[in-house]
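Visitor: Start from the sequences, fold in the hints, and give me the full structure.
Residue numbering for the first sequence follows the working numbering, beginning at 1 and increasing consecutively.
Think of the hints as simulated: they come from the structure by calculation, not from any bench. A few of these clues could be false.
[Said to hold, decoys possible] In silico DMTMM-like pairs for lysine to aspartate or glutamate, Cα to Cα no more than 20 Å straight-line:
{"id": "1", "residue 1": "K235", "residue 2": "D217"}
{"id": "2", "residue 1": "K103", "residue 2": "E49"}
{"id": "3", "residue 1": "K229", "residue 2": "D215"}
{"id": "4", "residue 1": "K571", "residue 2": "D538"}
{"id": "5", "residue 1": "K102", "residue 2": "E12"}
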Amino acid sequence: MNRNEVAAALSEIGTLLELQGENPFKTRAYGNAARVIKSMDQDLAELVENRQVDSLKGIGKALAEKITLLVRDGRLPYLEELRTRVPTGLLEWLRIPGLGPKKVRAIHLALGISTLGELEYACQENRLRDLDGFGQASQDKILPGIDRLRKNAGRFLQPVVQAEAERLLALVRPVPGVIRATVAGSVRRKTETSKDIDIVVASADPEPVMDAFADSDQVEEITGRGPTKCSVVLKSGPSADLRVVGDTAYPFTVMYFTGSKEHNIAMRSRARAAGLKLNEYGLIPEDGGASLPCADEAAIYGSLDLAYIEPELREDLGELAAASRGSLPELVSDSDICGVLHCHSTWSDGSASIADMAQACRERGYSYLGICDHSQAASYAGGLSPEQVLEQHKEIDRLNHDLGGSFTILKGIEVDILTDGALDYPDEFMARFDLVVASVHSRFNLSEEDQTSRILKALDNRYVDILGHPTGRLLLARDPYPVDLRAVVRAAAERHVAVEVNAHPSRLDLDWRELAIGLRNGLLTAINPDAHSPAGIDHVHHGVGIARKGWCTAEQVLNAWPLRRLQDWLKARRNGA
DNA sequence: GCCGTTTTCGGCCCGACTGTTTTCAGTCG
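Guide: Okay, here's the thing in structure tokens:
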């Protein structure tokens, strides 16, 4: 088994143990181990070979043994035995709001059912409300939960939740008494998808804030309301939580609500080690007394001898250690972006002319644009024949001439990587482009081995500057094709080929976790909007968020370089430097 | 199941809210 498969197996063990009513700390140990394995830099097979698996933080003797078996044999009797004891359908039930391991287990044991359909039927037949610890209300919450689960798997893309969050924020900010307010949660951490939206407000008078929030026309249903906290489901799908606290507690609440959960646990453990208790109200000496005063989040981190940690990094993937050493990177930001590469035009499947795309870039303050229409194999997307390419280049020359050097359009191409790893034009023709993005658009069903060697072969072509959307995933819609992404990213770094962070909200591919590991090994990236219209250029913002999550600095992003430097780099690659 | 500048055993982050209770377990973030 490879790293991801081992992580999935450990995570499954944790969940199955939870459903068996095991010690919650034991189940958490499996969840932690899964995370550690998934995000580790080292080669897992090598660690197994050298019997060093237990050198990983959070992995001891017992877990090391199980991991070793998974890697070597591809199976683990312990997991197989667990599966026979816990029906797999129950794993699905856990994703229904309000159902945790205890209740899932109770329903399963009392009614002898284990599939989503059976659970739905049992609710319709009123068979849950009479169980111990259940009632009419808990039964009534399950059916809508099943509907939501079936409709959208309960997660939403960045643009959806960001827009909704901004609207909610705009709603509560003007309420009298509100001192400050922010979006928190995974939206603030810029994860690729979110389950819900978190809003935190500082005010001495929560009631009118809660009213404004709950009465919003965005709200479908109010699912909970206490004195300081209100939970709703929005008409657009996601749920949203509001928390109102006093101004003194506000930074602590913002930090707590921003998460991630794992980051919070690590922070609270660190506080504990320093004789302090960290919660959403303050940082309190264990022997009692008032909270240490902290005016903002930076002060909280400072009180624990840590540099300020940007929200995107709060995933408990090494950020505390780096903050403690003072070695956190200065993350790339929207204002660092100098231009955009990988955009389409009406020459292939875009909806705007090259001139209009260039104008849209200038309006956004960019100084260059890489036009990368599809190559001939992408016939479904109007891919360009060599003759059309030559025509397009004439148009770009004309436009550049008219622009008089105030803005530059690069002659790029998004060239298909063919099934055998060759590119879609002959080498001598490739030399005509300023910039080449190579992407897979077909035959997603190759074996991992074949897909990997196909892409590796393309990376060997000296004309390839950037690898496009390296896994082909469509978030919430299509899984990545099977590929040894680590090997691909490593090879790209070695050959000085950049791997794009495709900024389209449905892609966000390269994944930020893999980006972080690649960057540590010398990888360069480009934050590419893959825009098919002027509005699509704005997707760069989402890509920047993902790059930040990957610990990426401006120095590591091709399109955060000024034109001249980018051109020199491209030229040097052509010359084999 | 992991871990140790208090510990090799006894801890493991912490609080709001709900629903079902009659003082609290379960869920959630």
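Visitor: All the hints need checking, so say for each whether the structure fits it.
Guide: Do the hints match the structure? See the list:
1. Straight-line distance between C-alpha atoms of K235 and D217 comes to about 8 Å, which keeps the hinted pair within the 20 Å bound.
2. For the hint pairing K103 with E49, the CA-to-CA distance comes to about 42 Å; that exceeds 20 Å, so the pair is violated.
3. In summary, the hint linking K229 to D215 is supported, as the alpha carbons are separated by about 14 Å, within the 20 Å threshold.
4. Between K571 and D538, the direct Cα distance comes to roughly 28 Å. Violation of the 20 Å bound is thereby established for this hinted pair.
5. For the suggested pair K102 and E12, the alpha carbons sit about 17 Å apart, so the restraint of at most 20 Å is met.
In this structure, the hints that do not hold are numbers 2 and 4, in rising order.
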